[in-house]
Amino acid sequence: MSKVVVVTSGKGGVGKTTSTAAIGAALARTGKRVCVVDFDVGLRNLDLVMGAERRVVYDLINVANGDAKLTQALIRDKRVETLSLLAASQTRDKDALTEEGVARVIEELRGLFDYVLCDSPAGIERGALLAMRFADEAIVVTNPEVSSVRDSDRIIGLLDSRTLRAEQGQRMEKQLLLTRFDAARASRGEMLSVADVLDILSIPLMGIIPESEDILRASNLGAPITINGSTSQAGRAYEDAARRLMGESVPMLIPGEKKSLLTRILGRRAA
Amino acid sequence: MSFFDMFKSRAATAPVARERLQILLAHERMTLGPKNLIAILRDEILATVAKHIDIAPDALKITMGQHGSVSTLEIDVELPTEKIAPARHMPMRATA
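Residue numbers (full-length UniProt numbering), protein chains in the order written: chain A, 1 to 271; chain B, 1 to 96.
Just so you know, the hints here were simulated from the structure itself, not pulled from any lab data.
A portion of the hints provided could be inaccurate.
[As the list claims (entries may be wrong)] To give an idea of the chain B side of the interface with chain A (calculated C-beta under 10 Å), a few residues: (1) Ala12; (2) Thr13; (3) Ala17; (4) Arg18; (5) Leu37; (6) Ala39; (7) Glu44; (8) Lys51; (9) His52; (10) Ile53; (11) Asp54; (12) Pro57; (13) Lys61; (14) Val70; (15) Thr72; (16) Asp76.
[As the list claims (entries may be wrong)] Simulated crosslink set (DMTMM-like; lysine to aspartate or glutamate; CA at most 20 Å straight-line): (17) B:Lys61 to A:Glu167; (18) A:Lys3 to A:Glu145; (19) A:Lys3 to B:Glu28; (20) B:Lys61 to A:Glu173; (21) A:Lys11 to B:Asp76; (22) A:Lys32 to A:Glu167.
[Said to hold, decoys possible] Computed, partial: chain B to chain A, Cβ under 10 Å: (23) Ala11; (24) Ala14; (25) Arg20; (26) Leu21; (27) Leu24; (28) Arg29; (29) Ile62.
Bear in mind the structure is a predicted one, so any value in this text is a computation, not a measurement.
In this text, a Cβ means the ideal position worked out from N, Cα and C, and glycines have one as well.
Next comes chain B alone, as it looks inside the complex (with noise of 0.2 Å):
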């Protein structure tokens, strides 16, 4: 220990926690959690469609099943038809 080391707090440590838990739940994520796709693509799907839609984050529905060999992926969304406005006639909004 140097003479300055004395008047220094001790050394931060929360950013070596941040970054040991940033790369654990990286690898965590991806061995353990396939199941966690659905939300991902429910969360990324609801972003896109509300961009030009304004829809209930409630009205949109994924399901995967299985069915034989074959797997699916449902995606229901539900729109209120009042919402959706003829589009060719109307100038795309660039919503980001």
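Okay, chain A solo, but in the shape it has when bound (with noise of 0.2 Å):
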């Protein structure tokens, strides 16, 4: 059965185009046949993170308004079989898109892939919304900043009314992401704490993906962090919040508890 998850936040850059690659990736990865889907229309960008901004040919706005067969606008990764994208437009603006059109272009991928991801715009216009219209389900990327936080919940409020799920009365499933975590910080009292953003949002959690270099050299080549197989830190910490979107129970490791001195002599195992 297949699966469409919008990978939503309402703030801006904490990271929904780079998670929804890696976690793409991942899921690719296991032999699932997975779409990426760019709802950013006019700002494109998971095309560039995926590696594939020079493969664009057709996209999501000429699929939805039937100027391409959705077969034609489809990217194939080069590097992982059953990992596809299917392109936002880069010279129109969200009001392009229309609830008929995007329904028409979901029903169509859900019959072609195992999981459908739609990265959604920042914000919550029409862009937004659309993107997580026909969602099954959500994964709420989030960074532990009172600002992405609140903009999380005003998002988590969205999700459960504006969805076509809400609508007719259904629950609809949302699952936190958390970014950019630097535990160090967090267990200085200077950054909130895992504890503290679930607290708040209440909602359950997928994942930690630690503040990486990595992230930032794996979008310098346009290859996502998972797509061989990460020897990553945050690599790792995708593949985990991935196999969790599939339902495996994956036990979830808190990156860096406060370490006292003596531990930290005695215990250089790698954790």
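Hints given; two lone chains; assemble the complex.
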């Protein structure tokens, strides 16, 4: 059965696109057929993060308007064969998206893929609402920072009221992906802790992605951090999150609980 | 700044952030989210029903509608027939 998942946050710059690419690649590497869809019409970037920016011919708007076939617009990843991308249009704006058009595209994608990941634009306007409209579940990407948490709370309210599922009286499953987490700063009380954010937003935790240099490196290269079976901490965190999305229970490691000097000296085992 | 402050690590600001958010969001949820009511009702009704009958989360449907001047709340729970025991002859299982 096919699952449509929206990756959303309200606030910009928290890591929606990076997370869509990383989770999409991790899912696809397990053999699942995955399509990542960019809903950020006019400001597309998923193509760039996926390393497919020079291969975009047709896009979401072309398919939604019936100007191109879905199969013509899908860009197959060159590294993982079960992974595809549907890019957003760069020359149009969000008003070019219609609900009927998006409904048709999503329906067709459901027939071709196990997972459809919709990368939402920031904000709470048309583009963001249409990205979540037909989703079965949501990944709420949040940074441990006040403005991001506030915006996530607002998005959770919209997921519970403006999605098709919510309007039909069904439950909208939401999971929190905490990104850019700095365990050392959190343990010093300089950053909201995992418990703080969970307490405030009260939705289940899907993963904790540590702040990492490897993320920027991955986007520089156009290679999602999980594309080669990652060895980095952030890559592993994304892989675990992807497995949780598939319904596996993977123990959650809260990175870098404060260590005493003694355990630091005695126990230099890798976490 | 006192002499001892030099040795203290920078003050922990996360508790302040947490408290500010809790106050702000309690207020914003009230003013922005009456639509959230359906989701809250659904979760609570589901929890109540699930205490006594084993039902799937998807078996509960809640819709709010408006017919003329009347608002309606429609709650539709699909129950698996074999799971409903004849309650009279069985001692109630008290689960919390």
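(message) Does the closest beta carbon of chain A sit nearer than 10 Å to the beta carbon of aspartate 54 of chain B?
(response) Cβ of aspartate 54 of chain B sits 16 Å from chain A, so the hint is violated.
(request) Mind checking the CB of arginine 18 of chain B against every CB in chain A and telling me if the closest is under 10 Å? (result) Holds, about 5 Å.
(request) So, leucine 21 of chain B near chain A? Judge it on the closest CB pair being under 10 Å. (result) Since chain A brings a Cβ to about 5 Å from leucine 21 of chain B, closer than 10 Å, the hint holds.
(request) Verify the proposed pairing of lysine 32 of chain A with glutamate 167 of chain A, using a straight-line Cα cut of 20 Å. (result) violated (29 Å)
(message) Hint alanine 12 of chain B vs chain A: min CB-CB distance below 10 Å?
(response) For alanine 12 of chain B, the interface hint holds, since the closest Cβ of chain A sits about 3 Å away, which is under 10 Å.
(message) Can you verify the interface hint for glutamate 44 of chain B: is its Cβ closer than 10 Å to any Cβ in chain A?
(response) With Cβ-Cβ at 12 Å, over 10 Å, it is violated.
(message) Just to be careful, I want the Cα atoms of lysine 3 of chain A and glutamate 145 of chain A compared with a cutoff of 20 Å; is the pair within it?
(response) violated (30 Å)
(request) Let me know if the C-beta of lysine 61 of chain B comes in closer than 10 Å to any C-beta of chain A, holds or violated. (result) Hint on lysine 61 of chain B: holds, closest Cβ of chain A at ~4 Å, below 10 Å.
(message) A closest beta-carbon separation below 10 Å is what the hint needs, so does lysine 51 of chain B meet it against chain A?
(response) Constraint on lysine 51 of chain B not satisfied, violated at 17 Å.
(request) Answer holds if the nearest beta-carbon of chain A is closer than 10 Å to that of alanine 17 of chain B; otherwise answer violated. (result) At 5 Å from the nearest chain A Cβ, alanine 17 of chain B passes the 10 Å test, so the hint holds.
(message) Quick check on proline 57 of chain B please, does its C-beta sit within 10 Å of some C-beta on chain A?
(response) Nearest chain A Cβ about 5 Å off; hint holds.
(request) Take a quick look at whether lysine 61 of chain B and glutamate 173 of chain A sit within 20 Å of each other, Cα to Cα. (result) holds (14 Å)
Consistency with the previously given hints fails for numbers 7, 8, 9, 10, 11, 14, 15, 18, 19, 21 and 22, ordered from lowest to highest.
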